[in-house]
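These protein sequence lines are chains A and B, in that order.
Mapping to my numbering: the first sequence position 140 is 140, numbers consecutive.
Mapping to my numbering: the second sequence position 337 is 337, numbers consecutive.
Treat the hints as calculated values from the structure; they're not laboratory data.
Hints may be right or wrong, so weigh each one.
Claimed, not checked - When the alpha-carbon atoms are kept at most 30 angstroms apart in a straight line, the in silico DSS-like pairs for lysine-lysine are as follows:
#  : chain 1 : residue 1 : chain 2 : residue 2
1  : B       : LYS263    : A       : LYS88
2  : A       : LYS165    : B       : LYS73
3  : B       : LYS88     : A       : LYS263
4  : B       : LYS363    : B       : LYS193
5  : A       : LYS523    : B       : LYS129
6  : B       : LYS263    : B       : LYS363
7  : A       : LYS523    : B       : LYS88
8  : B       : LYS320    : A       : LYS523
9  : B       : LYS523    : A       : LYS193
10 : B       : LYS523    : A       : LYS438
11 : B       : LYS193    : A       : LYS193
12 : B       : LYS430    : A       : LYS523
13 : B       : LYS73     : B       : LYS165
14 : B       : LYS165    : A       : LYS263
15 : B       : LYS523    : A       : LYS430
16 : A       : LYS165    : B       : LYS523
17 : A       : LYS290    : A       : LYS263
18 : B       : LYS363    : B       : LYS320
Stated by the list, open to error - Pulled from the structure, derived: some chain A residues nowhere near chain B, Cβ distances all over 12 angstroms:
#  : residue
19 : GLY12
20 : SER17
21 : GLN46
22 : LEU156
23 : SER160
24 : PRO198
25 : PHE274
26 : ASP285
27 : VAL288
28 : GLN310
29 : VAL410
30 : ALA452
31 : ASP515
32 : LEU522
33 : TYR525
34 : VAL529
All values derive from a computational prediction rather than experimental measurement.
Every residue gets a Cβ at the ideal spot worked out from N, C-alpha and C, and that includes glycine.
Number of protein chains: 2
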Amino acid sequence: MISLCVDSCTVGQSSFSSRSHTCGELCSSHIDEEVTLCGWIQYLRQDLFVILRDFSGLVQILIPQDESKSELKNAFLGLTLESVSMVKGRVRRRPEGQENKKMSTGEIEVCAESLEVLNTCRKLPFEIKDFVKKSEALRMQYRYLDLRSPRMQYNLRLRSQMVMKMREYLCNLHGFVDVETPTLFKRTPGGAKEFVVPSGDPGKFYCLPQSPQQFKQLLMVAGIDRYFQLARCYRDEGSKPDRQPEFTQVDIEISFVDQAGVKSLIEGLINVPFPSMTYEEAMRDYGVDKPDTRFGMKLVDVTTAFQGTQIEFIKDALLKPSGCIQAICVPEGTVRTESGDSDSCPNTATEPTAYRLLSDTAKQQLLQMAQANAGDLIFITAGPRENACPLLGKLRLQCAELLESYGVPVRDPSVFHFLWVVDFPLFLPKEDNPEMLKAAHHPFTAPVPEDAHLLYTQPRKVRGQHYDLVLNGCEVGGGSIHPLCPFFSVLLVIRDVIAFPKSFRGHDLMSPAPDFVSEEDLKLYHISVVWPSADIEGHRPVSWPPCCEHSFV
Amino acid sequence: MISLCVDSCTVGQSSFSSRSHTCGELCSSHIDEEVTLCGWIQYLRQDLFVILRDFSGLVQILIPQDESKSELKNAFLGLTLESVSMVKGRVRRRPEGQENKKMSTGEIEVCAESLEVLNTCRKLPFEIKDFVKKSEALRMQYRYLDLRSPRMQYNLRLRSQMVMKMREYLCNLHGFVDVETPTLFKRTPGGAKEFVVPSGDPGKFYCLPQSPQQFKQLLMVAGIDRYFQLARCYRDEGSKPDRQPEFTQVDIEISFVDQAGVKSLIEGLINVPFPSMTYEEAMRDYGVDKPDTRFGMKLVDVTTAFQGTQIEFIKDALLKPSGCIQAICVPEGTVRTESGDSDSCPNTATEPTAYRLLSDTAKQQLLQMAQANAGDLIFITAGPRENACPLLGKLRLQCAELLESYGVPVRDPSVFHFLWVVDFPLFLPKEDNPEMLKAAHHPFTAPVPEDAHLLYTQPRKVRGQHYDLVLNGCEVGGGSIHPLCPFFSVLLVIRDVIAFPKSFRGHDLMSPAPDFVSEEDLKLYHISVVWPSADIEGHRPVSWPPCCEHSFV
């Protein structure tokens, strides 16, 4: 749906620089030009060629072969891979038959006239081109080498350009003001996931905020009526996988606007209009409030096929309040997967007996409702709607994974399905006590005006002015209208392309961080470590004063 | 030298919005148009007019007076100041003689047709327009009200636009890549000013970095050869005035470039070529390496006027190595200031006897060298050059302050004197042991190539490839060339316009932060507070468990 490309030719990539051109931009229009290139030695070939690389691509350098230039030739032959080098030379067309159509610079080569090695690279423990094959941990440890890969070079540049286009849209086109808010802040009451930062005042701590929420609302109060910020946020999630302890979000707030206005704002930001779906539709068709709409296998209510059934567990389920039968149909599921695979899906019990117990009419009705063909696999769940749908929603995603593991393409990783999910309920039942209600999002979400009269009589039916932005099944943004004032906030999380990410335990494997700090340094902040009572010897820095050991439990 | 203005008309300030126009943009070309305005009630006048304010300016609203609209009139008269309101109406030309030329919208007024109060403001403890007269502490406590002032509205918008222009220049014109680097990092050895952040691993801490120095060099190694970032930096300076514990710097690094290249880069960034001055010239003429060139009163070497003098303390000073006499001349200094004022300058002793002891020829020579006229005041210092110049440099700034306190304009606050200071010495004497040398900046600064041969014989004469960017006497940037590789780094500190600054003790007076954190919360991070031994009762939260008190000293 969205295509993004990294511009590298339209900007002055060589301004201020010793180089005259980048490696990747050279083509037949440069033939006969004198060029100066700076880059990294990718490889040497047949003692004849050196391939030089910079961020823009590769170019072939021809090593001079005549006797008078033997010194230059030897300098080239002495190069180690990945050494940083500056090459001057003249561009020429490659001899006929030697063109390389797979290489963007494959029509030309550069006849070297001089070489300056700016920095020699010692032998690496592995070649850069093999790097992607190495373990994640090793790549993180040598992240600065991993970042040399074309993939990461592309990703970092793409992110930079996407963010720049967002800024131009917000700042230049729509008058938003980029305001930085503090990250050394006060602890939020109940803010259990906030990192603390001890200050020089005994016993007093700053906190690293989870979002600039409070400051941006103060900015609205302060009359900065269109605010945005790429805000660094912090959340101590312990060792949850795929969570970074620090991440950046595009934080936007605008006064004097309605829901339609914010939607056009965000769609303009991402440069494409998105479809909308209500929370109820999402739960009904996908069993989840952030559906991945790249593939079908939608939930179908097949309750009517089981009317008057004698199957016990289904009969029981239908007697409960909001009891229903839900189904998904996995196309060619019986062919594609092996018997027993369904066991690998948690919460799934195969009940082939149930199907056999159905009347022929009911079987026919079920197959028709689920639009099943021969070879398809049908999963059904029976129970109260609020349990049956989410369970089948999870199963739908597990089936997609399973099919993909057999090589069946289900979710195209190259497409972006953005989706607004709207009309969320204002309240949801509490997990631990479903009779009680809690705010579905945050307590400052305004109700949809036409539902406001139901607030005290039928609160479960009240919809809130909240919406989520969903991308390929992930929540990437959200916003809500506040009840007293027409403020609107939108949050857009971008965390796919980070130069130096932390491991899933929150560790920086390169530096490494976090690390021990001396007792002396901690004294400045009036804090001391409380060591866990057992098995601590190995974790403790050598200089740790043993007299402190018994003071804490 | 530089003029900057905040664009507010060229961008879509009302897109997506309930308003049709901003208050400040209305003029005679809008006459007869129906408009919708959103803003804050500035004041009511004569029960006839309401002045509505938004970030763009003020506009006069005419309250309808005819009987049929008494309800609307009463709604206007019931408004409290600073209430957030939406007004619809028609623009008309003000009756002749009622124009206000001081007001940008002074030719027109809006005949109100409807009023919606979006949020009622309770009575404020003070009026917004009086806010600037209040104490700094009170303004910080109510920062969200302080930010409503035209001055702060302008400053925040100016900063946003300046930063946007820098980004466009770097990213769009010169192919720089905006890369974010982590702020949860490892402690730098000897990094005494780094805040620590306890992690979930017992005894292990992240640190908040003072700059992205290490990461940006890794990015160069990684082949991101043009990097920039508006980087949040942290420095725990305790309670140094005018230092923020967190601040933002424009951090730039570029490979394959020389000093001239970086200078044009930075001058293009700030859109003006700057004059250069060598370190030696700066110390000679201003007694400081970051001279404020907005005013004269330069240092003059008057040693020759004292040749053969019999004044004891001057004779002694001249006998020492590099002994000299330096002078500054304060124009009309004796007229402008009162007797005894020079006492208020520390390190200054008035020695009127010295002048009387001079021969007539020497007096004449001194007055001529200092270019002094009748009524001017001359300060002199005698001693080794490396002491005499800095001392007089400080005195020069103190004199400027003193003159300004008498209402004499010396330093124009509206002009920007940028200046490159170049040719810094590579080494400076250590403060505690002047026989020893230390790196003047950081140990990775390369020497100027033509001085490299002096490194082992006359190290004090070696200049480094380092330079500072100075603005009105403050160091606002700096860069250096590294010795082994052609990397270049430039640092530009912007910290004048911060929405929510900390007090000079590092406190957020609004929230307030830092604050106490419960023992329970600290347990998650395996730390405990070490209370100072005396006078701690008042500082301790009530819930603090007394059993911990005796555990620490």
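Non-conforming hints, listed in increasing numerical order
2, 4, 5, 6, 7, 8, 13, 16, 19, 20, 22, 23, 24, 31, 32, 33, 34
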